[in-house]
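Chemist: Each residue of the sequence shown is one higher than the one before, counting from 1 in this note's numbering.
Possibly wrong hints are sitting among the right ones.
[As the list claims (entries may be wrong)] Taking lysine-lysine and the DSBU-like style, the derived pairs with C-alpha atoms no more than 30 Å apart in a straight line are:
| no. | residue 1 | residue 2 |
| --- | --- | --- |
| 1 | Lys236 | Lys314 |
| 2 | Lys236 | Lys130 |
| 3 | Lys236 | Lys181 |
| 4 | Lys314 | Lys181 |
| 5 | Lys130 | Lys53 |
| 6 | Lys130 | Lys181 |
| 7 | Lys301 | Lys314 |
| 8 | Lys254 | Lys314 |
| 9 | Lys254 | Lys301 |
| 10 | Lys254 | Lys338 |
| 11 | Lys236 | Lys338 |
| 12 | Lys254 | Lys236 |
By construction, these hints were calculated from the structure, which means they are not laboratory data.
Here the structure is a predicted model, which means the values were calculated and not measured.
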Amino acid sequence: MSRRETPDSLTSNPTNTDVSSDATLTQDSPSIESWNALASRDLVESPTSLSAKLQGFGDLSKIRVNLLVVFVVAVGYFLGSEARVDVSHLMLCLVPVALLAAGASALNQYIERETDALMVRTQRRPLPEKRLRPFAALAFGLTFGILGVMGLALVSGEIASLIGAGTFLSYVLVYTPLKRKSPHALFVGAVPGALPPLIGWAAASGDLNLDAWAVFAILFVWQVPHFLAIAWLYRKDYQSAGIPTFPSLDENGKSTAQLTIWTTLLLVATNFLPFATGERGVTFFIGAVLLSLLCILPALKFAAEIHGEDRGIKSARRVVHASILYVPLLFLLLVIDKLLG
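Produce the entire structure from the sequences given, and follow the hints as far as they go.
Modeler: Structure follows, in structure tokens:
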């Protein structure tokens, strides 16, 4: 899941995706000795009403963003089902997935709470606005994360639960701290961002075939141009917060434009991987051509206008909007192709 307010992942991305420079979950977490003191202070210094706190926990969970995670897991389950979909089992699997997604979002915001306060696009989150205490966010994230992993282990099988746990841990403990250190965190964050459909796939079939990995590859590549466009729009924000992204380190935009074009072309190629595996038919092939146009045309315009009068701001927004449409259209196409096949 990335620093995006769209799917980046268990979350988007790359490309979905802030504390002091050396902060990690372990380093920022309260010690055992101070746990009770922190909890007591939270109760005494409650800054908001109950309804406001509930709203704060909802925002901490990124409910709207994580609905996309639940959606792609459900589609992955459908695609991985060889016969009729076991709806009751699917519903049981989606509950711990939702818990995992909420827990990961909460811990991400706990770790990034200080730099979130420095960025315009994240200043309205619950922790920078002090609608919730950091301890409450930490406890919420750990509780939901643990319940999610345990729930997947109980209802979805070994492979699905391992993928779910790997997604959660890599997003929280690897990608989130790495964002403060290197722009290449984008590629690291694209891994947990692309894993959710494989959770559903493995839960349905107990295995992962080439078709499943083709979908993973598409989502992995998709996050790169998506996040590059977002990071270009908010590059000043990232610079002021000290977060190294490719756009924030690229003053003239040349490298950002080139990377956007190359990764979009790679996305166009990966669009056809499900067809190349032999699992998808002509319907998917035709749809993949249209999806490729949805990707490449805005990217080309962005690269052409990045040195223009508005520095490619309008065209970067078009890239973001097109990439947001891309994911549901891709999965809708996969579902239609399977139904027709």
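Chemist: Decide, hint by hint, whether the structure agrees.
Modeler: Hints, one by one, checked against the model:
At roughly 16 Å between alpha-carbon atoms, lysine 236 and lysine 314 fall within 30 Å of each other, so this suggested pair holds. With a CA separation close to 24 Å, the supplied pair lysine 236 and lysine 130 stays within the 30 Å bound. Restraint check for lysine 236 and lysine 181: the C-alpha separation of about 17 Å stays at or below 30 Å, so the hint holds. Distance hint between lysine 314 and lysine 181 is fulfilled; the C-alpha atoms sit about 29 Å from each other, no more than 30 Å.
Distance hint between lysine 130 and lysine 53 is fulfilled; the C-alpha atoms sit about 10 Å from each other, no more than 30 Å. Of the pairs offered as hints, the one joining lysine 130 and lysine 181 holds, with about 26 Å between alpha carbons and a cut-off of 30 Å not exceeded. Proximity of lysine 301 to lysine 314 is assessed by CA-CA distance (about 10 Å); at most 30 Å being required, the pair is judged to hold. This hinted pair checks out: lysine 254 and lysine 314 have alpha carbons roughly 17 Å apart, not beyond 30 Å.
A hinted pair counts as satisfied when its Cα atoms are at most 30 Å apart, and lysine 254 with lysine 301 qualifies at roughly 14 Å. Restraint check for lysine 254 and lysine 338: not satisfied, since their Cα atoms lie roughly 41 Å apart, outside the 30 Å limit. Only pairs whose Cα atoms come within 30 Å are accepted, and lysine 236 paired with lysine 338 is rejected, the gap being roughly 44 Å. At roughly 17 Å between alpha-carbon atoms, lysine 254 and lysine 236 fall within 30 Å of each other, so this suggested pair holds.
The structure is inconsistent with the numbered hints 10 and 11, although it conforms to all the rest.
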